[in-house]
Structures are given as structure tokens and as C-alpha cells.
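K.L.:
The primary structure of each chain is shown beneath.
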Amino acid sequence: MIHIFCALPCEAQPIIQNFKLTELKQFDLFRIYQSKDKEIDLTITGIGKLNAASAVSYHHASLNTKASDIWLNIGVAGHADISIGEARLVNKITEEQTKSCWYPQIIFKAPCDSIALITLDKPSDDYQDALFDMEASGFYQMAIRLGTAELIHSLKIISDNAEQATSTVNADSVKKMMAKHVITIKNILDSLKPITLEIDSIISEPKEYKEFLERWHFTQSERVQLSRLLQQWNLRLPNDEITKHVIENTTGKSVLNVLREKINASEFVIHD
Amino acid sequence: MISTIYIEEEIASHPRTLAILERFPETTKIMCERYGEIFNRKSQNFRLQKKQPALILARKHKSLVLPTPIQYGIGAEHNYYFSHMLNCLYDCRYCFLQGMFQSAHYILFVNYEDFIEDMNSTLNKHNNEPVHFFSGYDCDSLALDPVTDFTNEFLPFFERNPQALLELRTKSTQIRSLLKREPIKNCVIAFSFTPDKIAQALEHKAPDVNKRLQAILDLQEAGWQVGLRFDPLIYTKGFANEYSELFDRIFTKINPELTHSVSLGTFRLPKDYFRKLEKLYPDEKLFASPLTEENNSISYPVEIRDDMLGFCKDIITKHIPSEKFFPCY
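From first to last, the protein sequence lines are chains A and B.
Following our numbering from start to finish, the first sequence increments by one per residue and tops out at 282.
Following our numbering from start to finish, the second sequence increments by one per residue and tops out at 768.
Possibly wrong hints are sitting among the right ones.
Stated by the list, open to error - Partial list, computed: chain A residues near chain B (C-beta under 10 Å):
hint, residue
1, Ile125
2, Ile154
3, Lys196
4, Ser214
5, Phe228
What the hints contain is simulated information worked out from the structure, not anything from laboratory work.
Positions of the beta carbon are idealized from the N, C-alpha and C atoms, including for glycine.
All chains, please: the whole structure from these sequences, using the hints.
P.N.:
In C-alpha cells form, the structure reads like this:
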């Protein structure tokens, strides 16, 4: 699943439109939108890092997120001299108030450059050679508790700089800037999706696991052994149908014994 | 190859940092206070990071030179190891680094001068007795040598101190800087080997056996001493044939006079590391090997261990004198 977080409705609107998201009315603390196939959702966090952190937490509790999910904070930001309308991924987030830092791990070929960002408590026109925003640190420090650093990112579109200060930014101009970068968002998601699939393959249980739990009783420690033995079976005896060897057993313990014996008796070849 | 470099503020203006950064003008550079802000933080995935590791330039503050575990050694009483780098360019599935670290990024400690000072103090502690220093426990000693300039910086210390010996443990063919220098007697370039098919299955991104063997021949031709490390020995049905073919290939080609030492040991990992690796690579056949748990360590059952070690020892000791053979059980 893909979870997108925007501070403002005008930042969110082009994304909502493009991915055809509809509001989930049952959630009233933050506005949450979701695609029909439930693969993409978006929460409007409101302004500020506390709102961003609360929204991530609420979103997680409301939609049951997984460790392999993608988390994206998308919004506008200021910078000293990057042109208005350009996009940047964030490679370092510094919270101005606490000086705490986080480093999103960009392990894919990004469609735009990456840069450091400072999360401020108040808007500022005192531009630096880093992006300014007001949400990223709150978003990131909560999302990193729920996902993995390789799949949690902030994408910022430059809305103001030393030549064109915040006073020139309005909802319409933000919508236009965001709409131009829907393609950038899609590119990033296309790069991240294979990573989520890889994590899913790492954390998923062997294919027979659920069936075995339904058929026999296993204690908690036996479940760990079962998972490991099924994995070993699939690697060492991939062409030997497993169920026929254990079907007659009446207890989980005896099933584990049979699996262990058969695996130990099999020849081990490490390469094809 | 390297798309991101993190730089600790403290060593940002260190000459070695500047020299390395000059080699990567297009790379994204990110400043940090300490490498621990990035390396080994929770919620990172070693397997994913291995796809695109960053380089972290840092300063090593303490524990620069450490005693080796008791059973390690190639003939000296005093044995130490040091790691100017953490993590490796290669992706060997049996490697303990995958279990030890959360991050796959390469850390390079640029303060070589502090390592050398620590080595000097260690030497002084042992008066004039031989002391062996091992590099390549937590990284491959040579794989990034063209970037790190490691050998050019450390070898002069050993030239000046003949009672010290340096082992460079490697699978790399990056030997150009060694070939440009006059060989010294107290440096051993120790190459790790597994048979071809096992190497293809487990030693991802590492040079193949033939290339490593050619590197050995080139080094010996130039007068350098080499070591052979058959550690870990990997069990598979028909291991005897595979290993005897490997031994034949190596020992019929190398110069025994310039072969400093041969060591071997079977695959083993601390239990915690093994469990982590098993989760990280659930489809990896190595972790479905016949293995047993003993004293918080995962290794082959004793009968497989004895069988493999006995078989290999018999062949190896036909090719080299027993004083050059160092089993590491």
C-alpha cells in the first residue's frame, strides 16, 4: 500500500484527482482519501510537525498499515535559489527546534535531485541552502516507527525562494505546481513498488504455513519451528509434495518430527 | 557505483576526505555529525541497502586495534585486527557482516594516522616480539583500494617495522598499487576461496576463482607472499570432489616458496546473526544446510565438520609443510 501525506488541501487535490481517490467518511479526525483498489491513500495533515506526526499515527491506526508499505510526504517548500516549481527529494531532515536529524535512504534512481531539509516551527523568509518546510520531521519520525527507511520519503516542490517570497504563494499556484509533478510522484512510486514486493517476499510465511495451522495445533515456539522447517523443505525437497508425508499425524509435534526427519535424511546440494 | 557520500563534519576537511570527494564530483554529498546517525539505525534493511550502498566517511575514535579471538593466527603469539572500513563491496551470503550490521553502507575511517599510531603503541607493548595485524575482518582489504589508498598509506609502517606482519584478507583483484611497489616480506595478501560452483552460488559480485588465482600468480611473480584461506568451507553433496579440484588447481600453479600460510575452517555463525540472515534471505539454500546449534553458534554437525576438515587437511598438507598450515576450528 502507498500512504501519501499532504499538509494542505491544495497540495493534495491534484494527487486525489489523478489517482481517483475518494474520501473515507468514517474517519473524522483527519481527512483520509483512498483509491478503489485500496492500494493508494492520502491524508491531509494540516500545517506543522505535530499535526503531521498525529496524522501518520491516526492513518496507521485507521488503515492497518504494513511494514512493507510506502510512505510519502508531499508538499511545497522554500529554498534560497532553486527555481519555483522544481521538485526535490529529501535526503536529510533536520528539526530546527531539537536539532534532531533523520536520513531517508534513497536506494532507487530518483527522477529529481535530492537535498537537505529543515523543518521549522514558523514560516521563514530567511532562506538557506536547504529546503524549509513545517511538516517533514513530524511525518518522518512517526513513519519510521511503522515502516523502513528505504520506503519513507519526502518530496518537495519549490514554492518560494529568495527572489519570490511566501507572500506570492496561493492555493491556485500550489495546485498548478503539484499537478505538474504528478508524473514525478508516479516515477518515484514505480521505483519503490519493486522494493515493497521484495520486503513482502522476505516477511511472508511459507505457502503451506496457514494450512498447517488450520489442520494441527502448534504452540508458539512450535510455530516458529514449523515456519523454519517448511522453508527448509521447500529449499531442499522442492519437488516432493509435503502434505502426503504428514497427513496421518494427529499432533503438531509429530508433524514437526516427520518434517525434521525427512529433511535431515535428504541429500544437500547447495548449487544447481 | 557510489551515488551518495555521507561525511562526518569532524573530518570534512581531512586531506583524505578531500582526496576521496574529488574522485566523486557528481555524487550527492550529505553532511552528518556522527556516522551512527545513519549507520545501524533501527528500521533499516540490510538486504535493500545492499542494492545501493552509500559511502560514509568518518573518524574512528577508539578501539582502533583489537586483539583477535584466541583461535585465530598464522604463527605469531600476538595477534591483532583492525578495520579501516566496515562492510564490503561483495555480497557473500555466508558473511557475518550481514548479521552484525543493520546497514549495508560502507564506512571508511579516514584517520589512518590514528590507526598507525595505535599499531605503533601495540608494537612497543610487545618489545621486539613478532606481532601480526589482520585487516579484512569487517571489510575486504583491497576491494576499494583505488579509492581508499589503504595499501599505500599502511605499507610504509610495515616497511619500517619488520617485527610486525600485515595480513590483507581479500577476494579482490585490485592489486595494482601492490604491483607498483617493491614487495616486503612482512605483508601477506591472503585470498579466500571456495570451489567454482559454490562461489557462483554464494559469493555474489566477487571476482571468480580464476581471477583470484591470476591475482595470486601476478603477486607472486612480483615477489609478494600470499596466503590461502579456505574459510568458510561450505558443505554440499560431493564437496570432496569440488574441493579437491579446487586444491589441485591452486596448488599446481602457485609458488610454494611464496605461500606464507594456508588456513581453513568450516562455516559457522553466532546464533543471533544466523537467525537474522535466515529471515533476511529466506530463499537462501545455505541456511537450509544440515546445521546444528552448539554454544550459541550455528555450524555443521561434528561428523560433517570432521569429515570436511580431515579431507581438506590431508590434501593441503601434501602441498605445503605443516608449519604453514593453520586450521581454524
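K.L.:
Could you check if phenylalanine 228 of chain A really has its C-beta closer than 10 Å to a C-beta on chain B?
P.N.:
19 Å, violated
K.L.:
Using 10 Å as the Cβ threshold, decide whether lysine 196 of chain A counts as touching chain B.
P.N.:
21 Å, violated
K.L.:
Report holds or violated for the interface hint on serine 214 of chain A, using the least CB-CB distance to chain B and a cut-off of 10 Å.
P.N.:
8 Å, holds
K.L.:
Answer holds if the nearest beta-carbon of chain B is closer than 10 Å to that of isoleucine 154 of chain A; otherwise answer violated.
P.N.:
With Cβ-Cβ at 5 Å, under 10 Å, it holds.
K.L.:
Can the hint on isoleucine 125 of chain A be confirmed by a CB-to-CB distance to chain B that is less than 10 Å?
P.N.:
9 Å, holds
The structure fails to meet hints 3, 5 from the earlier list, while all remaining hints are met.
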